[in-house]
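For chain A, the structure is supplied; the task is to place chain B on it using the hints.
One-letter residues, chain by chain:
2 protein chains.
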Amino acid sequence: MTDPSPPTITAAMLIIGNEILSGRTKDKNVGYIAEELTAMGIRLSEVRVVRDDEAAIIEAVTVLSERYTYVFTSGGIGPTHDDITTACIAKAFGAAVERNPEAMRRLTAHYANSGVEFNAARQKMAEIPVGADLIDNPVSAAPGFILKNVHVMAGVPRILQAMFEGLKPMLTGGAEMLSRTVACTVGEGTVAGGLGQIQVGFPDIEIGSYPYFRAGAFGTSLVLRGTDEARLEAATEEVRKLVRSLGGEPIDIDDGSEKGVEEAAS
Amino acid sequence: MTDPSPPTITAAMLIIGNEILSGRTKDKNVGYIAEELTAMGIRLSEVRVVRDDEAAIIEAVTVLSERYTYVFTSGGIGPTHDDITTACIAKAFGAAVERNPEAMRRLTAHYANSGVEFNAARQKMAEIPVGADLIDNPVSAAPGFILKNVHVMAGVPRILQAMFEGLKPMLTGGAEMLSRTVACTVGEGTVAGGLGQIQVGFPDIEIGSYPYFRAGAFGTSLVLRGTDEARLEAATEEVRKLVRSLGGEPIDIDDGSEKGVEEAAS
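Line by line, the protein sequences give chains A and B.
Letter by letter, the first sequence follows residues 1 to 266 of UniProt numbering.
Letter by letter, the second sequence follows residues 1 to 266 of UniProt numbering.
The set of hints was computed from the structure by calculation and includes no laboratory data.
Be aware that a few hints might be false.
Each pair may be met inside one copy or between any two copies, as identical chains are not told apart.
In silico lysine-lysine, DSSO-like type, Cα no more than 30 Å apart, as pairs [to be verified]:
hint	residue 1	residue 2
1	K28	K241
2	K26	K168
3	K168	K241
4	K91	K241
5	K28	K91
6	K168	K28
7	K148	K241
8	K148	K28
Chain A with its partners taken away, still in its complex shape (with noise of 0.2 Å):
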């Protein structure tokens, strides 16, 4: 119906850290990656969380770089013993583990200027799969690394972030994934047989309906998704046209503006 798509770029997120598993650390990663990939026409397709746990950790690493273009990790590279990601990445590859010498400059220049020592454990972080490519890290020095197709991050955001900075150059982005909302005070529950006779006729927009709750008024956010502005713009006015036949009001929303509206009852 559109001229042939290139192909779709697709990528898994994998979260290791007990932590997160235990409910002590609420995680911020995910969401990040979500909106950052999205953005760039990537489709996260699958997020794993798992405790860190060699089989675990290997199994599911494995398995989603199978599946998908792109996977990238979370947590795990630190001087402690319960680091054990860079290990269980390198035995997923079959590869060796090796003191990086550029990871090693990079390490020692960082606690010399800090005045911290630089010893054994925190030399850890200098061990870097044979074959992989660094990660810059310009908040505390230790490089993540590009294995294959899996990028493996520190798991403290604000270290994520500016890894996945630095990395987005180097990512191939898909078609960029366009999207409309459409607000109405109309119930999900009312919406629900002409939005799905809706979507039967626009099977390359990817339509979604959530219920909020937002100054004491329930409504249902209808979000469009789609890479031909067209055919985006065409299913969003027949969504339009649906909420006022059902006697409410349709109301454009720009994506940005409706994050954290409480989602509720259908």
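Frame of chain A; chain B shown alone:
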């Protein structure tokens, strides 16, 4: 080294929804479920987030159901075309879906009270796999359900939390996981060596190290978890001694009070 431990009760969470993977909606359910399960002595071992895609949902729920004691899902049980969770879970276990009489009764009463039409789309929310038990929804009536060891809940945090509260008495908890947190201003790389040695001596205690940045100062939170109070205290005392030997002052932190600190560089 202690009495034979009771079997470990494990769990996985499966989050279903394109809106999480696009970054539009920030997940709040993992943190909640993780804290609740940890408090019940149930070990959350894995989390997956998948798209509103039949094959992805079926694959994930099948694997997780075989691997863990309990599975909890969130999302995709509303009235619209993109709500496909119920059909997928049923298909994963070879169950048929029926219009459940008790679910119909609850929804009929709910919509009669609210004056909203109980139309075909809303009746879809009464479709439940044959043989499943209902999960009460005190917020918006539409029930979740339990099929085998899979607990299917709504994605809206307020509803998920209300559903989970009702579920709790039905879950078998494990040995309570006790935890101690010792904070110090000693760097993570400085404690790493000694900490690893303590971990070797206490294989029954899980020791984690988390750098933080708080009130303008860097520091390290050392978190110890275990089910045996005496062993946990013995390991914690070793950690306090280690911190002191490195010139630091160990501070016992009430686990409730350290939430929300920004975790920072190693």
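Going down the list of hints, with the structure as the test:
Taking CA atoms no more than 30 Å apart as the test, K28 paired with K241 passes in neither setting, with 37 Å inside one copy and 33 Å between copies. For the identical chains of this complex, K26 and K168 are neighbours both inside a copy (25 Å) and across copies (22 Å), given an alpha-carbon limit of 30 Å. In this assembly of identical chains, the alpha carbons of K168 and K241 never lie at most 30 Å apart, being 39 Å within a copy and 44 Å across copies at closest. Taking CA atoms no more than 30 Å apart as the test, K91 paired with K241 passes in neither setting, with 56 Å inside one copy and 35 Å between copies.
Only within a single protomer do K28 and K91 lie at most 30 Å apart by alpha-carbon distance; the minimum there is 28 Å, versus 33 Å between protomers. In this homomeric assembly, K168 and K28 come within 30 Å of each other (Cα to Cα) both inside a single copy, at 19 Å, and across copies, at 27 Å. In this assembly of identical chains, the alpha carbons of K148 and K241 never lie at most 30 Å apart, being 48 Å within a copy and 43 Å across copies at closest. In the homo-oligomer, the alpha carbons of K148 and K28 lie at most 30 Å apart inside one protomer (25 Å), although the nearest pairing across protomers, at 32 Å, exceeds that limit.
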